[in-house]
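Single-letter residue listing:
Protein chains: 2
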Amino acid sequence: MRLSQLFGKSIRAVSSEVKSKGLEYLIRGGFIRESSAGRFYLLPLGMRVQDKICRVIEEEMNSAGAQKMSAPILHPREHWEETSRTASVSFELMQVKDRSGRSFVLGGTAEEMMVALVRQFSLSAKDLPFCIYQFSTKFRDELRARGGMLRAREFLMKDGYSFHASKEDFEAYYQQMSECYFRIFNRLDLPVRSVAADNGYMGGDYCHEFVVDHPLGESRYLVSEDGSYCAHEDIATFIREHMNSSEQELPITVAHAARGLSVQAGVEHYGQPAWRQIKSIVYVTDTEEAVLVSIRGDLEMNELKLQRLLGCNQLRLAGEDEIRALGSFVGFVSPLKLKIRRVGDLSLTSVRNFCTGADEWHKDTLNVNYGRDFVVDILADIALAKAGDVTVDSKSKLAERRGIEVGNIFQLGTWYSERMKGAEFMGADGRKHPYYMGCYGIGVGRTLSTVAELYSDEKGLRWPEASTPFSFHLIAIGNDAKVLDYADKMYQGMMSAGRTVLFDDRDVSAGVKFSDADLLGIAQRIVVSKRLVEQNRVELYSRFHERKEEIERGSFVS
Amino acid sequence: MRLSQLFGKSIRAVSSEVKSKGLEYLIRGGFIRESSAGRFYLLPLGMRVQDKICRVIEEEMNSAGAQKMSAPILHPREHWEETSRTASVSFELMQVKDRSGRSFVLGGTAEEMMVALVRQFSLSAKDLPFCIYQFSTKFRDELRARGGMLRAREFLMKDGYSFHASKEDFEAYYQQMSECYFRIFNRLDLPVRSVAADNGYMGGDYCHEFVVDHPLGESRYLVSEDGSYCAHEDIATFIREHMNSSEQELPITVAHAARGLSVQAGVEHYGQPAWRQIKSIVYVTDTEEAVLVSIRGDLEMNELKLQRLLGCNQLRLAGEDEIRALGSFVGFVSPLKLKIRRVGDLSLTSVRNFCTGADEWHKDTLNVNYGRDFVVDILADIALAKAGDVTVDSKSKLAERRGIEVGNIFQLGTWYSERMKGAEFMGADGRKHPYYMGCYGIGVGRTLSTVAELYSDEKGLRWPEASTPFSFHLIAIGNDAKVLDYADKMYQGMMSAGRTVLFDDRDVSAGVKFSDADLLGIAQRIVVSKRLVEQNRVELYSRFHERKEEIERGSFVS
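Just so you know, the protein sequences line up as chains B and X, in that order.
Take the first sequence: its letter number 333 is residue 334 in the working numbering, and every next letter is one higher.
Take the second sequence: its letter number 368 is residue 369 in the working numbering, and every next letter is one higher.
No wet-lab data here; the hints were simulated from the structure.
Take these hints with a grain of salt, some might be off.
No distinction is drawn between identical chains; accordingly, a pair holds when it is met within one copy or between any pair of copies.
[What the hints assert, rightly or not] In silico PhoX-like cross-links for lysine-lysine, where the CA-CA straight-line distance does not exceed 20 angstroms:
{"no.": "1", "residue 1": "K10", "residue 2": "K514"}
{"no.": "2", "residue 1": "K127", "residue 2": "K10"}
{"no.": "3", "residue 1": "K387", "residue 2": "K306"}
{"no.": "4", "residue 1": "K53", "residue 2": "K69"}
Extracted from the complex, chain B is given alone in its bound form (with noise of 0.2 angstroms):
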């Protein structure tokens, strides 16, 4: 391609709403354009990158044996309906009609379309296990479009399915997957951890995110420092150490206690530690169950836990009337008195003498202990994980980490084919059974801008060889008429040999077309002097390795 043909001129400057540099380049550059917020233009540079990706994740799928196909993009609402998921995504779902009524969705993601079509044919266990997958845009309205092509409104995505006769033969395809990932996200230079996380709204019981370490991050996780323990904030676990083994159990007392009505205003009214206290929380489930939950004063409680322990999509905090009405005061709230569920973080267990609240205004409950003077109905891993807490086999502290999370894989089990009529198998006993499900999904555009995020510097992009949108930028410096030609012949030279090259034809100086090239970042440069023609030789530099190297011009044309 002669870049004086090329359509998507570099600018010099962008929106000040354009936070990251990698964003930034691929504006600058030529690579994207937002339409609306969150919806972008590919241009023919980001187009070719954003090709190659795919190149590659149909590659190595292909190679784990999963068969390309697609859906339509409009799902019928129906089959929505029949798993209630119209009800409990988490990202708002666009909707549609068409002219006779009929209402579609948009799909954010595919799994009733892929069971409404699979479900067609009357599969016996022979049939299992195969797995689908497509590459195609996903809707999903998201209150805030940020990070250009990280968090998008649409977006291309490849979403893999897989159907099995059983939970052994899903298990051993869900490694093959996860090895599959990391071969793609490999081939692609990105360095991903595979972060084991909730299942949210896909059903199934339990998920991997492959995420590549970056401030930019969405994802926030734990890892052990040996290594050994990596899982999202949203279920990590940790040991509760015991606080005060030494100390004995003392006789339980309630106190006037005029605090304000935090954590942080008991430690000053006591000038004890947080871990001393209780704090406690009322809690309204989305069918207006109110539960109690306690958990130790220095822990933050992690909602996503306490809703997949209460089975709930939804949690919101009581209200003061709420609380009054069930007979006890915000801030002074204990899990002594109230009859409604309880539910009890772990640590409850691993301090003597608690301080808690007495149910009545500013009064107090002192050396509270449990098992004691109160249990609870549930007590479980409630907890937010954070850095610095003591991994489950006691081996390791564990670190925060923040990453953006480019592919992920999911156990569905039964959930789809057991809420959706007719999803099921012939077994080799003769029953019907529903089938086991997987799924696999790769944001093909986040992929792009982590590449492009993670490959910059204060010049521009510097693309992987995976990803280059051309391998070679050829440059030719001065406008000496030999040096030229020579330039034009070398283009033409390597185009008829296959090689992808953008050649700069433009008449401009030096300096624009090295500060394009920095700016553009295609992974090797050539550059043509009169001094460099005269020894038949050409400069060749790796814009991804930064190295440069002078040799015959021979080797690109052979």
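Chain B is already provided as a structure; the job is to place chain X on it using the hints.
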């Protein structure tokens, strides 16, 4: 690919709503499945065909200098409002609002989106011309979806857009694109004709449809018997031959006429041919103007020509009361008296002594002659051409054809760039000018379906090499372990050599294997049997060419 692992088994029967062989085989063979009406899944076999078709289109578009990119599927509605096409497109636009209430159009064509992108760049004359294109899902809320993917509501389309500094530059490129389209369809073994047609809601002045002759097609067009003329019925022209030039003009008279209201009733009443009559119709435009339109009795009105002539998007027939209010009667309207704008077809000058109504009930006017007794405000071509009409050059007669429109190219002129603010370039004269545009579409799903319809017989599909999902279909006959092993090794050898092979490894009879092979229609079939193995030979059968030969095995794995 081993057939036992392929997702999408062949089935025996399809719904009785499926009316064409190609569609039936695509469904039975496991290439496609319908989701909601007019929206399709592509199963792995269909996906492979589509990918091959896309690759041919992409290669040829790139050769023609076009650059691939992509635009969002959700178009901000305000872009469509700039051109007022929200009101003028002939298909129903699907629209959706996001959570913040912003309106989007589900793209059915992307001129506005592309101009909205291109105008973000400051272009000068030397940045022109360029052509950008995408493959993207398009939405058209058709009243009736029929013929499978021939007229779908959601479909993949290749749409390209070119931008030029001058009409001359555009015209040269339009010609180049036309040649590019012929190359694409030739490579896909689709015999296409380029048919001049009406631009309709696209703006601009002319366009060409690329049409494959087929009875399932919805494009009706006229070709001259000498092959020199070819045009869509919407615009086809012809000579109005003089019907009775030897007659003398007779004195005009009014006669009682207790006849029915149609032309046919007039024919019966007078015992004279239909061409003796003038048919006059009152239309009402979309600005509520009543227009009197007259044509020779034996010709049909071409309402599209009339709309273009009047510059309106819609026309309706005036009601009985409206005609009464204007001073006439349905069935007795004449071009002689009504005081509204009058339009006439060229044929009004081709007859002497017409018979027409008298704008009174049961009264006709006889011996009416154009020029002597009346004239119209606009005399133009507003008739529908039909088989047997004489071409404008008087040298040939027209024949009617019906075909499937697989692609189209449009001159758009400055229609969009004049309506959309800032859609301009800096000319060599230092002034800003709107750019001159063209657009170029190919319906990918429709192309796939057309190949299937064109190349099928009573047993199934017959894919040409350019679009066959696999190059070879490998079949082993019988259960002899040596034969199966031979086939398996051959399969692996061919795969290693980079061939695409579907290997029927199922434990089913030879009859089932052959009938499935006929149904799937993979271009070439390789049959391995005991006799052939002993001779180290295989049978090669071209399903496309219906030719069979026996050859050395080695030819396939070298």
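Against the structure, the hints:
1. K10 to K514: within (12 angstroms within a copy, 56 angstroms between copies)
2. K127 to K10: between (55 angstroms within a copy, 12 angstroms between copies)
3. K387 to K306: So K387 and K306 pass the 20 angstroms test inside one copy only (15 angstroms; across, 74 angstroms).
4. K53 to K69: both (17 angstroms within a copy, 13 angstroms between copies)
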